[in-house]
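Asker: Please take these sequences and the hints and turn them into a complete structure.
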Amino acid sequence: MRSIKLAVLLLFAAGLTTRGQTAPALPAGYVGSETCKICHEDIYTAFGKSSHNAVETGAKRGWEGRACESCHGPAQMHTESPSAATIRNPAKLAAAATDKICLTCHLNQPTHVGRLESSHAKDQIACTSCHKVHANGPNGLVLRKPAAINEQCASCHTNVWAQFQRPNHHKLPEGAMSCVDCHNPHGSIRPAMAQSFAANEPGCLNCHGDKRGPFTFEHGPVRFEGCVACHEPHGSANPRLLARQEVRIVCLECHASLPTVNATGTIGVVPPSFHDLRSPRFQNCTVCHQKIHGSYVDRNLLR
Amino acid sequence: MNRLIALILLVVPLMVPIHAQTPAPQAPAETTPAAETPSPVPSAESWLTGSVDVGYRWRTDVGGSLDTYRSIVNLGSGPKMLGADFTLTDPKHRAFDQIRVRANGWGDEPYQTFHLDAKKSKLYDFRADYRDMAYFNFLPSYADPLLSRGIVLNEQSFDMRRHLANFQIDLLPGNWFIPYFAYDRDSGSGTGATTFVTDTNEFPVPNTLRDQTSLYRGGVRFERSRFHATLEQGGTTFKDDQSVFQGSGTTNFGNVATSIFGQKTDLTNLLAAYGVRGTSIYSKALFTAEATSWLDLYGQFLYSQPDTNVHYQQTDTGNLLLQSQLLFYSSQQYLVSAAAKLPHTSGSLGVEIRPLRRVRIVQSWLTDRLHNAGSASSTQTLAGTGASQQIAALLTSSLVTNYSQEEIDVFYDATSKLTLHGGYRYVWGDANDAVLPPAGLMSSDQAKLRRNVGIGGVTFRPTQKLTVRTDAEVASSGGAYFRTSLYDYQKVHAQARYQALTSLSLAADFTLLDNNNPVPGVNYDYRSRQESLSLFWSPLGAKFGDFQASYTRSTLHSNIGYLIPQTLTPQTSLYRDNAHTATALFNVKLPTVQGIAPKLSAGGSLFISSGSRATSYYQPLATLWVPINKKLSLFADWKYYGYGEAFYLYEGFRTNLVTTGLRFTR
Chain A
1 MRSIKLAVLL LFAAGLTTRG QTAPALPAGY VGSETCKICH EDIYTAFGKS
51 SHNAVETGAK RGWEGRACES CHGPAQMHTE SPSAATIRNP AKLAAAATDK
101 ICLTCHLNQP THVGRLESSH AKDQIACTSC HKVHANGPNG LVLRKPAAIN
151 EQCASCHTNV WAQFQRPNHH KLPEGAMSCV DCHNPHGSIR PAMAQSFAAN
201 EPGCLNCHGD KRGPFTFEHG PVRFEGCVAC HEPHGSANPR LLARQEVRIV
251 CLECHASLPT VNATGTIGVV PPSFHDLRSP RFQNCTVCHQ KIHGSYVDRN
301 LLR
Chain B
1 MNRLIALILL VVPLMVPIHA QTPAPQAPAE TTPAAETPSP VPSAESWLTG
51 SVDVGYRWRT DVGGSLDTYR SIVNLGSGPK MLGADFTLTD PKHRAFDQIR
101 VRANGWGDEP YQTFHLDAKK SKLYDFRADY RDMAYFNFLP SYADPLLSRG
151 IVLNEQSFDM RRHLANFQID LLPGNWFIPY FAYDRDSGSG TGATTFVTDT
201 NEFPVPNTLR DQTSLYRGGV RFERSRFHAT LEQGGTTFKD DQSVFQGSGT
251 TNFGNVATSI FGQKTDLTNL LAAYGVRGTS IYSKALFTAE ATSWLDLYGQ
301 FLYSQPDTNV HYQQTDTGNL LLQSQLLFYS SQQYLVSAAA KLPHTSGSLG
351 VEIRPLRRVR IVQSWLTDRL HNAGSASSTQ TLAGTGASQQ IAALLTSSLV
401 TNYSQEEIDV FYDATSKLTL HGGYRYVWGD ANDAVLPPAG LMSSDQAKLR
451 RNVGIGGVTF RPTQKLTVRT DAEVASSGGA YFRTSLYDYQ KVHAQARYQA
501 LTSLSLAADF TLLDNNNPVP GVNYDYRSRQ ESLSLFWSPL GAKFGDFQAS
551 YTRSTLHSNI GYLIPQTLTP QTSLYRDNAH TATALFNVKL PTVQGIAPKL
601 SAGGSLFISS GSRATSYYQP LATLWVPINK KLSLFADWKY YGYGEAFYLY
651 EGFRTNLVTT GLRFTR
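Each protein sequence line maps, in turn, to chains A and B. Residue numbers for the first sequence follow this note's numbering, beginning at 1 and rising by one. Residue numbers for the second sequence follow this note's numbering, beginning at 1 and rising by one.
Just so you know, the hints here were simulated from the structure itself, not pulled from any lab data.
Computed cross-link-like contacts, DSBU-like style, restricted to lysine-lysine with a CA-CA straight-line distance of at most 30 Å:
id : chain 1 : residue 1 : chain 2 : residue 2
1  : B       : Lys-589   : A       : Lys-145
2  : B       : Lys-630   : B       : Lys-589
3  : B       : Lys-631   : A       : Lys-145
4  : A       : Lys-37    : B       : Lys-120
5  : A       : Lys-60    : B       : Lys-92
6  : A       : Lys-171   : B       : Lys-599
7  : A       : Lys-37    : A       : Lys-60
8  : B       : Lys-122   : A       : Lys-60
9  : B       : Lys-119   : B       : Lys-631
10 : B       : Lys-122   : A       : Lys-145
11 : A       : Lys-291   : B       : Lys-448
12 : B       : Lys-589   : B       : Lys-631
13 : B       : Lys-630   : A       : Lys-132
14 : B       : Lys-639   : B       : Lys-543
15 : A       : Lys-100   : A       : Lys-132
16 : B       : Lys-120   : A       : Lys-60
17 : B       : Lys-589   : A       : Lys-132
18 : B       : Lys-599   : B       : Lys-630
19 : B       : Lys-543   : B       : Lys-631
20 : A       : Lys-132   : B       : Lys-122
21 : A       : Lys-100   : B       : Lys-491
22 : B       : Lys-491   : A       : Lys-171
23 : A       : Lys-145   : B       : Lys-120
24 : A       : Lys-37    : A       : Lys-100
25 : A       : Lys-171   : B       : Lys-239
26 : A       : Lys-132   : B       : Lys-543
27 : B       : Lys-543   : A       : Lys-49
28 : B       : Lys-119   : A       : Lys-100
29 : B       : Lys-119   : A       : Lys-37
30 : A       : Lys-132   : B       : Lys-417
31 : A       : Lys-49    : B       : Lys-92
32 : B       : Lys-417   : B       : Lys-491
33 : A       : Lys-145   : A       : Lys-211
34 : B       : Lys-465   : A       : Lys-37
A quick note: this is a predicted structure, and the numbers were derived from the prediction, not measured.
Answerer: Here it is in structure tokens:
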């Protein structure tokens, strides 16, 4: 009789354990997140508040109750012999191996559609370089605040951040914009991992909609090479973020007044006119050619 | 009896997990187990957390050019809501799980922002973003043909604000089928100065600017375990109502002071207005897939077709000259109807193949093709001392570009600490720009793009404390669109990060671009180079504070030949920029006095350059934080802006800003 009672109690206890996990029996080698919590409670608690906790609680991804081991691998050996050597740490793997773990779930999201064009992926920047996988809140898994985003990008792209200290710059240091307003860190079809507007138009148009057109009379470089043909978008000592100190220099480097159309195989080499550049009147081309981004009504971009 | 009890005890616990795995049909909302839904914040925590910073800013008088100060900094005096950051959490998960709100710079500030995230697990994810940006630009060195006469004016200046609003809602997040909808709005309005251009003179006149773009889009994302697809359809509406005017009763003599054929030209009345209306539709299809354990696929197809219709009306009076006919006239009416359409197709396909454990092969193909077609019909009616004259014209325009690139990259993990990367990219395209009928030298232009690029890179991580990355491109071109385009170039980028001590980390960044176009008539020689070093030091576990600093040295050297327009003699355009940029910030925890532990931050940035536009720009700052209690802090902030130019002395400025305020924390 006592043995029957004992068997019943054991079965009841087993049932309660199963109920708590709401998951099927663990595969061989796995111990479940609750076991991880015993030693790593702080991480477990933080993780519980992050959006990654959906892996722990949802059945969709097949890791219910085993979120820790979805990235760190089976942890049974680690529980038997706790040391860094007995558990996989994605942050310490080669970037491709780390990314492979993340992409196991995240490849099925639009975020990564430009991954092959991404210089981050090509340069072996692992997902964990930017994303704190266990963290939560606006500065956690995915940075949300512009200042935090900029700080993170600047920690590697020091050169670029230095350009924002120039007097004319987009307002990133002021916290009004962030790097991801213009760049997609996961990759994009556009050069420099730039964001796009309305499917495939330049991301600059997200804010500079008045430059969008289409214009009846386009200025070729705007369409062929984009805004960076004339502007330094991060920052410049020159007005209007221009790549040269004065407007006429910007213009003359392409409109070089060569006598023959297409002598160099490039566009725009012929003189638009024979202006006397010694006169101040002709030293600022945009005084007259004011619709330099394209004109709706005038072939010479005068109005 | 005992057997019965044992059976019940056996069956009940076994049933519980089965029940737990079965969806609970018609379960009342209040009985939905909270444990099933991840709670961002435990219910024991406050439903509202966050802080708000309010204060008052004083700006001293701006020494030097106020216009330049407004063009570059533009911060003013007055009461400000400097920042707010709140999180609202509903422990009962009724309408939302969590709402996050942040706002910055409200109170007549140049950059006012507001952002809201609201989400409810498995139901919706909503984001709203609003920005109000001031755009003031009045730099005479940009466009002042009258400077030699002592008139400081920028004839292309702006004083306007841009308003950007974005709203997006994703439904059923976390599901495999996620519909989403979004609305974006970008608008600008304000005033400025521009020129009214005639054949022989340009007249500075005021203008008003008003444009608005609205973007509507919606789509669905299919997120299955091994593939994803997104289908999106959107469209925009656009309007631009710019006008240029000069009231009657004033005479504008323009930029030309000299007489032409014994007469001076002038403008006595002007009204010119653009009525631009545009629409567009666009489509987007994206997919990613893990075809097998060794093969991933990526692809996207993007298509947009914006178009515009324009009605331009201009009436002006004065003493003006039609140069082509040497005809003086006293009034003009100029009407233009124009239209343009720009179909634009882009696409990419790519695969990542992992044939061996240590080898990855990435191949991608990308194309981008646009074709703009425009037409303009104009009627110009001139009236003078004689009979009136009407000139009609019809112009068509075309702009085409077809760009493609193909790239293959091979990555080899030589060891777990060393990855080698090699690749090859071929870029090709053509561009055509034409306006018909031709006029003067302007008719059509075309160019071809052909570029071969070799790619290499190394990633080396010998220890967890040190990472070194380098990548390089070497390119050779057989054609380029513009004289300043990339042609034969070498590009190098290297980064290193080193955790020297637990409290000290160092980072270095190096970039080099060397671009040459040796084609006769171009002779372009361009080299830019930047080197940076940054450090972060937090001694004693940041017990007393921390320090971060960076220094960047950059040089840019550009030579390109051109012919001086009036003499057609060869000239070289030289551009030089040698710059030093430094940033630093100390955060110091000051001694505690009567339980109050103040903190001081000090630092700032400096930029000094020599060369074609020698400039200095200093922004030192200091901030003192005094926490009064857990919910209230006092702060005081000082910042100095000093700007100077070697060649345009009249554009320098300097000023101090002092802000004091309170931070309320909950």
